[in-house]
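Participant: Listed in order, the protein sequences are those of chains A, B, C and D. With the working numbering applied, the first sequence has no gaps in its numbers, which climb one by one up to 160 at the end. With the working numbering applied, the second sequence has no gaps in its numbers, which climb one by one up to 160 at the end. With the working numbering applied, the third sequence has no gaps in its numbers, which climb one by one up to 160 at the end. With the working numbering applied, the fourth sequence has no gaps in its numbers, which climb one by one up to 160 at the end.
Same chains, same label: a pair holds when it works inside one copy or across any pair of copies.
With a Cα cut of at most 25 Å, we get these calculated SDA-like pairs of lysine to any residue:
{"id": "1", "residue 1": "Lys-23", "residue 2": "Val-96"}
{"id": "2", "residue 1": "Lys-23", "residue 2": "His-66"}
{"id": "3", "residue 1": "Lys-23", "residue 2": "Leu-121"}
If you're looking for bench data, these hints aren't it; they were derived computationally from the structure.
4 protein chains.
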Amino acid sequence: MAASKAERPAMAEEGLPAGKAAEVRASFARQGLMCAIGAAITELGPGRCALELPFSEGVSQQHGFFHGGIVGALADTAGGYAALTLLPVGSEVLTLEYKINFLRPAAGRRLLAEGAVLRAGRSVLVTRVDVFVLEEGQRHACAALQQSIMRAGAAPG
Amino acid sequence: MAASKAERPAMAEEGLPAGKAAEVRASFARQGLMCAIGAAITELGPGRCALELPFSEGVSQQHGFFHGGIVGALADTAGGYAALTLLPVGSEVLTLEYKINFLRPAAGRRLLAEGAVLRAGRSVLVTRVDVFVLEEGQRHACAALQQSIMRAGAAPG
Amino acid sequence: MAASKAERPAMAEEGLPAGKAAEVRASFARQGLMCAIGAAITELGPGRCALELPFSEGVSQQHGFFHGGIVGALADTAGGYAALTLLPVGSEVLTLEYKINFLRPAAGRRLLAEGAVLRAGRSVLVTRVDVFVLEEGQRHACAALQQSIMRAGAAPG
Amino acid sequence: MAASKAERPAMAEEGLPAGKAAEVRASFARQGLMCAIGAAITELGPGRCALELPFSEGVSQQHGFFHGGIVGALADTAGGYAALTLLPVGSEVLTLEYKINFLRPAAGRRLLAEGAVLRAGRSVLVTRVDVFVLEEGQRHACAALQQSIMRAGAAPG
Chain A
4 MAASKAERPA
14 MAEEGLPAGK
24 AAEVRASFAR
34 QGLMCAIGAA
44 ITELGPGRCA
54 LELPFSEGVS
64 QQHGFFHGGI
74 VGALADTAGG
84 YAALTLLPVG
94 SEVLTLEYKI
104 NFLRPAAGRR
114 LLAEGAVLRA
124 GRSVLVTRVD
134 VFVLEEGQRH
144 ACAALQQSIM
154 RAGAAPG
Chain B
4 MAASKAERPA
14 MAEEGLPAGK
24 AAEVRASFAR
34 QGLMCAIGAA
44 ITELGPGRCA
54 LELPFSEGVS
64 QQHGFFHGGI
74 VGALADTAGG
84 YAALTLLPVG
94 SEVLTLEYKI
104 NFLRPAAGRR
114 LLAEGAVLRA
124 GRSVLVTRVD
134 VFVLEEGQRH
144 ACAALQQSIM
154 RAGAAPG
Chain C
4 MAASKAERPA
14 MAEEGLPAGK
24 AAEVRASFAR
34 QGLMCAIGAA
44 ITELGPGRCA
54 LELPFSEGVS
64 QQHGFFHGGI
74 VGALADTAGG
84 YAALTLLPVG
94 SEVLTLEYKI
104 NFLRPAAGRR
114 LLAEGAVLRA
124 GRSVLVTRVD
134 VFVLEEGQRH
144 ACAALQQSIM
154 RAGAAPG
Chain D
4 MAASKAERPA
14 MAEEGLPAGK
24 AAEVRASFAR
34 QGLMCAIGAA
44 ITELGPGRCA
54 LELPFSEGVS
64 QQHGFFHGGI
74 VGALADTAGG
84 YAALTLLPVG
94 SEVLTLEYKI
104 NFLRPAAGRR
114 LLAEGAVLRA
124 GRSVLVTRVD
134 VFVLEEGQRH
144 ACAALQQSIM
154 RAGAAPG
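Pulled out of the complex, with its shape left as it was, chain A reads as follows (with noise of 0.2 Å):
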């Protein structure tokens, strides 16, 4: 299910300390999910991150659009991630909640979810996440995340 390498977008990022961006990507290459399902980072800076999703048969709803449970997963990643590049390099983050509305049917060929912090406390990050779709060049606003990010070591069981 894994696109090519070749296929997936490249990676901006700027404004991040040394060492988090690959710390970034390589957390992200352990997500066995993430891998399978052919996602990728495609943007990351202070407090921000923006993955990308191809459409494929194997995150499809009964409608074949994009499932909800996925355009979720998708948008989950992105936060906590965003979350990450603020934290010290070597640091662990744990999902403690997420909460998603969902705005339209997320029907195209690309998901696009973009992950931004409202807010790092000492030991909780709060964060938003916006999700898009895009369908014949048009990019449609299709779920809304709210999120609540753990840094570990602060473990929440």
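Dock chains B, C and D against the given chain A, drawing on the hints supplied.
Facilitator: Chains B, C and D in isolation, oriented as in the chain A frame:
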């Protein structure tokens, strides 16, 4: 990534109107995501749906646990079909939103999502889903979801 | 507990259809809770509503900050009226659900909730509301809400 | 707006460590909001807290029902104190976030919120709260909340 039929658990169903279980099974089989990851329906009843998912590389996050986004996807799907059981044969449903709290890392060999309808309104149904991870014969609650499902025809967009 | 009219901030409104601002004001005035705590509408526009609330003993929690539940109530109300501005005069709305993340303690003299519609679907509108606390001329983001609003007539129960 | 002590329901409590019930009551009494609206604790136990609120003009919305924001505030408070019962005497808690689904209009004379801890982690506790409205001897589920509570000292900001 799909589990063979022989490995899938048998499905229990009771109390449903004629044709409803077959309709839910057919809809589930058209969900490319659920097929790709090897999820199966293990229980259906009026306002109830349980799903099971074996662990595999393709549903993992960076520490080798079930990816939180997949936990959300499985729970979202269980809640949606729990809602569908209460609607007339031929109905469609859409997820308006869901919110998931993670209770502990989903570290184990199987994931079980049990969805139940809290309230079936005229156009919106509210569900709760409990997710458990199974490891060495033990079952641990690992996530809790609360969700709004809309009867299609009264579509969100 | 109500603030006198003289203390209330003036309301800005523009771009709304005839009668809409008056309708929103009349509905708001019938909300016993908003009157009891002294909340006021400070801005109305197409898909937008801002509310302001002065601190008082009656809206406090045990540390003397704004109670989180009141922060949620003010944000819920701002989101609901933001949605109502987009519907024909005579429409009614119901909150289906909301989710609020607290970004910092709401310690200050005034609370400001700014609601905006993210997506206006046929029967459901999705909003986001940002809440700020004002203290010594500074404005700090203290909460973020995401909400589903249903047009009445398509009622949830 | 406060109900007199004579009108308040008696509180049931059992299974709590020495001093815990008194501590919760003292904290609740310092919540200006809960006092102003006349809310009372009706039950406390390990991981459980129930609150009751009589209807009054000051907690109403534009149709004369309980305001959804007050339903959320009461549920938020019940969940927070349910969490506090599980922590050592002297602990403080903060709400990180909550999400509430409305199941039917809260039309009735009394509101009852029953909070229970789903999972008590090291720094975060997850709760669920069920809210009922009482009318003419009948009790109807009217809202469902899911919430994250943080032990203070591990503060969100």
